[in-house]
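K.L.:
Order-wise, the sequence lines are chains A and B.
Numbering that gives the first Met the number 0 puts the first residue of the first sequence at 0, with every later residue one more than the last.
Numbering that gives the first Met the number 0 puts the first residue of the second sequence at 0, with every later residue one more than the last.
Warning: the hint list may mix true and false statements.
[Stated by the list, open to error] Now the stretches of chain A that chain B is said to cover, found in silico as 3 or more residues with beta-carbon under 8 Å:
id	region
1	30-38
2	55-68
3	99-111
[Claimed, not checked] Over the 12 Å line for every Cβ pair with chain A, so calculated as not near, a few chain B residues:
id	residue
4	S1
5	I5
6	E8
7	I9
8	A19
9	E21
10	A26
11	V37
12	T58
13	R69
14	V80
15	V89
16	L99
17	F101
18	G103
19	P105
[As the list claims (entries may be wrong)] Interface residues of chain A toward chain B, partial, derived using beta-carbon atoms under 10 Å:
id	residue
20	R23
21	S41
22	E42
23	V48
24	R49
25	W96
26	G115
27	T116
Calculated from the structure, these hints are not laboratory results.
In this text, a Cβ means the ideal position worked out from N, Cα and C, and glycines have one as well.
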Amino acid sequence: MADVALRLRADPTSIPEARHAVDRLRGVLEDAVLQDLRLMVSEVVTNSVRHAGLGERDPIELRISVDKERVRVEVRDAGPGFELPGEPTTMFRDSGWGLYLVDRLADRWGVTSGRGTTVWFEISR
Amino acid sequence: MSGFSITSEIRGGVAMVVMAGEFDLVAAPDADRHLTEVECQGVSEVVLDLRALEFLDSTGLRVILAADSRARREGRRLALVPGPEPVHRVFRIALLDRRLEFVGPPEEDTHG
Chain A
0 MADVALRLRA DPTSIPEARH AVDRLRGVLE DAVLQDLRLM VSEVVTNSVR HAGLGERDPI
60 ELRISVDKER VRVEVRDAGP GFELPGEPTT MFRDSGWGLY LVDRLADRWG VTSGRGTTVW
120 FEISR
Chain B
0 MSGFSITSEI RGGVAMVVMA GEFDLVAAPD ADRHLTEVEC QGVSEVVLDL RALEFLDSTG
60 LRVILAADSR ARREGRRLAL VPGPEPVHRV FRIALLDRRL EFVGPPEEDT HG
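Next up, chain A with everything else stripped away, as it sits in the complex (with noise of 0.2 Å):
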């Protein structure tokens, strides 16, 4: 129905911008759910950024793509991931928060690791 792709450098100015894309979907998606993936983009996005080990010339791919029931956003790096928080306590600790956040508001989420890491979630519309 409606896709967003975007490609990103590495670097914390690419968090704002891979937010503000998600206004493209304005009139698509309600504002609660534009809000929330906002915040949820923001948060993945800055998980790569900041621990992806990426240099500023490897890019970041955002992908948002809406059907009848669902959104799905999914951000690949080329980095190598990371490990999961296994334990609650170990989710509130700093950079387990973004992900804390996910969770709390996605529907489902996951990590793919192959060629680079991709992290995907989907909340209903």
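Dock chain B against chain A, hints included.
P.N.:
Just chain B now, with coordinates in the frame of chain A:
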């Protein structure tokens, strides 16, 4: 593209800190530096006014939590004037709306 700004005014040992715009990783270093500088002025209370914030994520939240930890450790009061819904929602989701002290807007504003 609204960026971020942080300004403060100190009066009678109370620092009123006004944050505006989008508080994320881009803003975090400035915000953190500004807050630590304000704390060095020997204030007994820091009030963070979040009403002009348009966005907050966990990176901004961590800067605020760090200021709260320093305040508790150093015996200072840290209070927050809540921001608009997208900003306050982050505190609620993180279950921090009760751990941090939220207060009403400063009086001078309510008298116009």
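K.L.:
Run through the hints listed earlier and report the numbers of any the structure violates, in increasing order.
P.N.:
2, 4, 9, 10, 12, 15, 20, 26 and 27
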